[in-house]
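Asks: This is what each chain is made of:
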Amino acid sequence: MNERRAKTFVIILALPALLLPAACLLYILFKGVPALDWAMLFGSSEAADAFGSVTTLWPQIAGSLLLMLGACLLAAPVALGGTLFYALTASARQRQGLLGMMHLLVGIPPIVYGLCGLIVLVHLLHWGISLLTGMVILAVIILPMLLLNSVNAIARIPSEKTEAARALGLSHGQLIRRVWLPAAWPALITGLLLGMARALSETAPILFTATVFSGVAWPDSLFSPVTSLQTHIFYLAQEGANAQSVDIAWASAVILVALVTALSFSASALRKVRMH
Amino acid sequence: MNTQKKAASPPDMRSTVPQPAIKPEREPGLKVSGLSLELGDAPILRDISFSLPDRGISILIGPSGAGKSTLLRCLNLLHQSWQGDLRIMGQDVRAWTGGEDALRRTVGLIAQKPALFPCSIAQNVVFGLGKKARKQVSGERIEQVLRQAALWDEVKGRLSEAASTLSVGQQQRLCIARALALEPAMLLLDEPTASLDPRSKQCIETSLRQMAEQMPVLCVTHDIEQAKRLGGQIIFMCDGRLIESGDSDDFFTRPERIESREFLRWSVCDCG
Ligand SMILES: Nc1ncnc2c1ncn2[C@@H]1O[C@H](COP(=O)(O)OP(=O)(O)OP(=O)(O)O)[C@@H](O)[C@H]1O
Ligand SMILES: [Mg+2]
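Protein sequence lines, in the order shown, are assigned to chains A and B.
All residue numbers for the first sequence refer to the numbering used here, where the first residue is 1 and numbers rise by one.
All residue numbers for the second sequence refer to the numbering used here, where the first residue is 277 and numbers rise by one.
Each hint should be verified, as a subset may be incorrect.
Computed far set for chain A versus chain B, every beta-carbon distance over 10 Å [as the list claims (entries may be wrong)]:
(1) Ser171
(2) Phe208
(3) Ser221
Computed, partial: chain B to chain A, Cβ under 8 Å [claimed, not checked]:
(4) Ala318
(5) Leu385
(6) Lys389
(7) Ala398
(8) Val413
(9) Gln490
By construction, these hints were calculated from the structure, which means they are not laboratory data.
Ideal Cβ placement from N, Cα and C applies to all residues, glycine included.
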């Protein structure tokens, strides 16, 4: 009896965790899917009217993906380097320092990074509101996440294995290639996918450093501004009176959610690979 | 600088070319002088000195936590922060020709806890070899080292199966085979028979004796009977210090130090 009551109590507590996201997702699909159509995804951007209510979304999709890929390309090598430093050469004190720093950085609100980016990259370095600025800011945001993840992945490899490989005379490079990577790659890729999802959903820090509302289809260079799905939703949602722009906002939301969900699902599929 | 190092290189036990100039008969296989180690500010090994002849079995015994495994790791340079002097076949290990990786291949270390890699049994045997050597290694060679490790009969039909399917005792013997595949010039074994049945124990002991005809073999064991059977030199450690070392018969019949007597008293009780 007592146990059953406890079970009911736990279920009541857990229900919102299940129902709220499900309801949100359903509502987004309900509103967004009818607003989607082929022309909106891939139509020519010249149909844009003077106020920028572009009815095609591919520039936004491209912008979001470009920002995400750039951020990962910048952050992943740094995270890998940091991980190897941590695992191979760092002293106990350096390890503590590195981890402490990363935990601190994870906790800083993204908008603060946006502000720093605005001051340093946009104004001081004269990069302007640009794709590159956005990539760098997003890279800095996902870096601590990636680094903590890969350090954990390496730390989970039993030390006996590493020691056995070293005792057999494997060099650091061989140790990494033949012992660490085969054991840790699913965790490393999982971390990267989650980092990509994070870069794809971060909005505030790129709102005033990398993106504009409209007028850009495909950026000419790293120094041109872009449009992105996440900021597009923000701009359109502010024009609440205009029924069409709200529709486009919902459509953008569906695409964004689909992209992020695809990344998260691949990540959890890989986590299962790792367990077997 | 480079040529100097080469000139001082130790005799390679594997090479068939005789090197009379640097192979005096009585050069100790291993000479440890004043070795001390601190880990995280705690002294683990204190001023350890001993030497091993250039062939033959030596047994390292001592209570749990004495620092036996740590000492073996120092000899193989897995711990590098030690103070003191360590010479293998007359050469300083810190200035080893080919660097620390080459030294580790020369000094085979079989750890206390077997750790296999997630691949087949045969691939584990050759794991320490270079890429080319792994491809070219012959079935006979694999059989030879597995026989030396007293494992061949149990695995001969399943060499391509995952190594993780082996029992702990079998894994331990696979680790021995893996170290032997590198043709080491010295063997350090950390309780190699800890989880073996009496028969496999005997097999391993026989192989150890065979290998000890060509190289120094240093074996840690908690099994006093085994230590007596293997004979040779006994090195007794306690609390990070080397207490006593000498001939096996002398040590077990007339231990000099009070710590040794105390330790042996308990061992006798253990054996009933
Ligand atoms: N990495 C380390 N950092 C700090 N202390 C350590 C480390 N490794 C070992 N020690 C300490 O060194 C001492 C000796 O350990 P070691 O493993 O060498 O003992 P042992 O003689 O092999 O014991 P056993 O017979 O149980 O295997 C122990 O007190 C242990 O706590
Ligand atoms: Mg030990």
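Asks: Taking the hints in turn, state whether each one holds.
Replies: These are the hints, each one checked on the structure:
1. Ser171: violated (5 Å)
2. Phe208: holds (48 Å)
3. Ser221: holds (43 Å)
4. Ala318: violated (13 Å)
5. Leu385: It holds, given that the least Cβ distance between Leu385 (chain B) and chain A is near 4 Å, below 8 Å.
6. Lys389: For Lys389 (chain B), the interface hint holds, since the closest Cβ of chain A sits about 5 Å away, which is under 8 Å.
7. Ala398: violated (15 Å)
8. Val413: violated (14 Å)
9. Gln490: Violated: closest Cβ of chain A sits about 20 Å from Gln490 (chain B), beyond 8 Å.
Hint check: violations occur at hints 1, 4, 7, 8 and 9; the rest are consistent with the structure.
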